[in-house]
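Novice: To convert, note that position 54 of the sequence shown is 53 in numbering that gives the first Met the number 0; the numbers rise steadily by one, no gaps.
No lab work stands behind these hints: they were computed from the structure.
Built from N, CA and C at the ideal position, the CB exists for glycine as well.
One thing to keep in mind: the hints can contain errors.
[Unchecked claim] Now the in silico label distances, taken between C-beta atoms and shown as ranges:
1) 73 to 33: 15 to 25 Å
2) 145 to 13: 31 to 41 Å
3) 55 to 21: 21 to 31 Å
4) 55 to 146: 25 to 35 Å
5) 76 to 21: 12 to 22 Å
6) 64 to 146: 19 to 29 Å
7) 75 to 9: 32 to 42 Å
8) 64 to 34: 14 to 24 Å
9) 71 to 17: 30 to 40 Å
10) 69 to 12: 12 to 22 Å
11) 145 to 64: 42 to 52 Å
12) 48 to 145: 28 to 38 Å
13) 116 to 71: 28 to 38 Å
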Amino acid sequence: MSIWWSLHLRREAASVPLARRLLIGTMETAGVDPDISFDLSVALSEACANAVEHGGDDGSGGPGEAYRVTAYLDGERCRIEVADTGPGFPTAAGGPQGVARPAHPEAESGRGLCLIRELADHVHIGGTPGCAGAVVSFDKILKWRENAPLVAV
């Protein structure tokens, strides 16, 4: 079984629950275990919220009005990618791009990338060479409900 979809969304807060509901609906229809679906939907929400909040300037002087979400359910794995056209991730003290630093315990924001790392099996945070913007991609091994209609064979 293989399912994939891609959305081109406006950088508005209302786009985050739309992407989350589509992912949950897809996984529920396919028969993915609800706990796995929940973990991935929270990670997707965090990645989308980051794109909405930080994916602004596309480098051409104009605002980056959209971002892209792509999800693949392929065999035993789900892979999700969220890409925007903003400034990308700063390089932290000569280290690799997209280094997620723990947020202060009392901070109201700054936990998204760390949360994605905790909920997914593999995470890549960076950009696309030669393009402005940030790309957050992550995947997780799927578990299936008993008698799932679209279980991988």
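Novice: Now tell me, hint by hint, if it's right for this structure.
Specialist: Hints, one by one, checked against the model:
Distance hint check: the CB atoms of residue 73 and residue 33 are about 20 Å apart, consistent with the given range 15 to 25 Å. Taking the beta carbon of each, residue 145 and residue 13 are about 35 Å apart, inside 31 to 41 Å as hinted. In this structure, residue 55 and residue 21 meet the distance hint of 21 to 31 Å, their C-beta atoms being roughly 24 Å apart. The hint said 25 to 35 Å for the Cβ distance between residue 55 and residue 146, and at roughly 46 Å that hint is violated.
Checking the proposed 12 to 22 Å range against residue 76 and residue 21 shows it holds: the Cβ atoms sit about 18 Å from each other. Under the hint 19 to 29 Å, the C-beta atoms of residue 64 and residue 146, about 43 Å apart, miss the expected range. Our hint of 32 to 42 Å for residue 75 and residue 9 holds, since their Cβ atoms are close to 33 Å apart. Between residue 64 and residue 34, the C-beta spacing of about 35 Å breaks the proposed range 14 to 24 Å.
Range check, residue 71 to residue 17: about 18 Å between beta-carbon atoms, so the 30 to 40 Å window is missed. Evaluation of the 12 to 22 Å hint for residue 69 and residue 12 yields a pass: the beta carbon distance comes to about 20 Å. Distance hint check for residue 145 and residue 64: the Cβ-Cβ separation is about 44 Å, which falls inside the suggested range of 42 to 52 Å. The supplied range of 28 to 38 Å is met by residue 48 and residue 145, whose beta-carbon atoms lie about 33 Å from each other.
Checked against the hint of 28 to 38 Å, the pair residue 116 and residue 71 fails, with Cβ atoms roughly 19 Å apart.
Checked against the numbered hints given earlier, the structure breaks hints 4, 6, 8, 9 and 13 and satisfies all the rest.
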